[in-house]
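Q: The lines below spell out each chain.
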Amino acid sequence: EVQLLESGGGLVQPGGSLRLSCVVSGITFKNYAMTWVRQAPGKGLEWLSTIGGGGCCASYPDSVKGRFTISRDNSKNTLYLQMNSLRAEDTAVYYCAKRITTNGPSTLDRWGQGTLVTVSS
Amino acid sequence: EIVLTQSPGTLSLSPGERATLSCRASQSVSSTYLAWYQHKPGQAPRLLMYSTSSRATGIPDRFSGSGSGTDFTLTISRLEPEDFAVYYCQQYVVTPETFGQGTKVEI
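Protein chains in written order, with the working numbering: chain A, 1 to 121; chain B, 1001 to 1107.
These are computed hints drawn from the structure, not numbers from a lab.
Quick caveat, the model's predicted, so the values are computed rather than measured.
A few of these clues could be false.
[Said to hold, decoys possible] Residues of chain B placed beyond 12 Å of chain A at every Cβ, according to the derived structure: (1) E1001; (2) G1016; (3) E1017; (4) R1018; (5) S1026; (6) S1028; (7) L1034; (8) F1063; (9) G1069; (10) T1073; (11) D1083.
[Claimed, not checked] Calculated lysine-lysine pairs in the BS3-like style (CA-CA distance at most 27 Å, straight line): (12) K43/A to K1040/B; (13) K43/A to K65/A; (14) K1104/B to K1040/B; (15) K30/A to K65/A; (16) K76/A to K30/A; (17) K43/A to K1104/B.
Every residue, glycine too, gets a C-beta built ideally from N, C-alpha and C.
Please take these sequences and the hints and turn them into a complete structure.
A: What follows is the structure in structure tokens.
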């Protein structure tokens, strides 16, 4: 069974940093691109970043570009999201999700339960 | 950026009724790159449909998808109690990937 387990969320002050992790089991991790998506309170889903199976070709929306960095360690079956210069509007539940291909556009077929990040003083 | 607009915002129906959810794109989207997800509070989002009309593994056949260009539809033929949730469409053909704002299907 495919499982994705996020961790690393919590309360952080504006301007602070946080690193989220997502441990994946039940698949050959390196064979799949991975994605981070978030949901702010009362809002819809927002795509944050995608990284290819080999660690290639990360991309970001303008809202987080230059502040967030996606990475992965295929030896640990783990996906990361480094978040710097956090703002109140980054408060959200952060989900990791698995894509169905190694690279290129594809759908998100498995999601984690999410981890809550709260940015507040 | 491709903006996806879902309608209606909320759909109030009863079990056994038919639900029709709309997703309109601000520019044409290849049907290969349009998906639908179901999301319940406190749970992981769940893939329902990909490539517009292909059901994901384990999704019952009361769910169906259709559309092309800028207009896409998710249909639930007969609502079951477990279908009451929020539904999102997503395009993943270009970055930034975008989701619609969601349609809540409520009793």
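Q: Hint check: K1104/B vs K1040/B, CA-CA at most 27 Å. Holds or violated?
A: Satisfied, since the Cα-Cα distance of roughly 10 Å is no more than 27 Å.
Q: Are all beta-carbon distances from G1016/B to chain A longer than 12 Å?
A: holds (28 Å)
Q: Are the Cα atoms of K43/A and K65/A separated by 27 Å or less?
A: holds (20 Å)
Q: Are the Cα positions of K76/A and K30/A separated by 27 Å at most?
A: The hint holds at about 10 Å.
Q: Once the closest CB in chain A is found, is it more than 12 Å from T1073/B?
A: holds (18 Å)
Q: Decide, holds or violated, for the assertion that all CB atoms of chain A are farther than 12 Å from the CB of S1026/B.
A: Holds: least Cβ distance 16 Å, greater than 12 Å.
Q: Test the statement that L1034/B is away from the interface with chain A: the closest C-beta pair must be farther apart than 12 Å.
A: Violated, because the least Cβ-Cβ distance between L1034/B and chain A comes to about 9 Å, which does not exceed 12 Å.
Q: What's the verdict on K43/A and K1040/B, does the C-alpha distance respect the 27 Å limit or exceed it?
A: holds (13 Å)
Q: Beyond 12 Å from every chain A Cβ: check whether that's true for E1001/B.
A: Non-interface label on E1001/B violated, nearest chain A Cβ at 8 Å vs cutoff 12 Å.
Q: Beyond 12 Å from chain A, beta-carbon-wise, is R1018/B?
A: holds (24 Å)
Q: Tell me if the straight-line CA distance from K43/A to K1104/B falls inside 27 Å.
A: With a Cα-Cα distance of about 12 Å, the restraint between K43/A and K1104/B holds, given a limit of 27 Å.
Q: Say whether it holds or is violated: G1069/B keeps its Cβ farther than 12 Å from all Cβ of chain A.
A: holds (18 Å)
Comparing the model with each numbered hint stated earlier shows that hints 1 and 7 do not hold.
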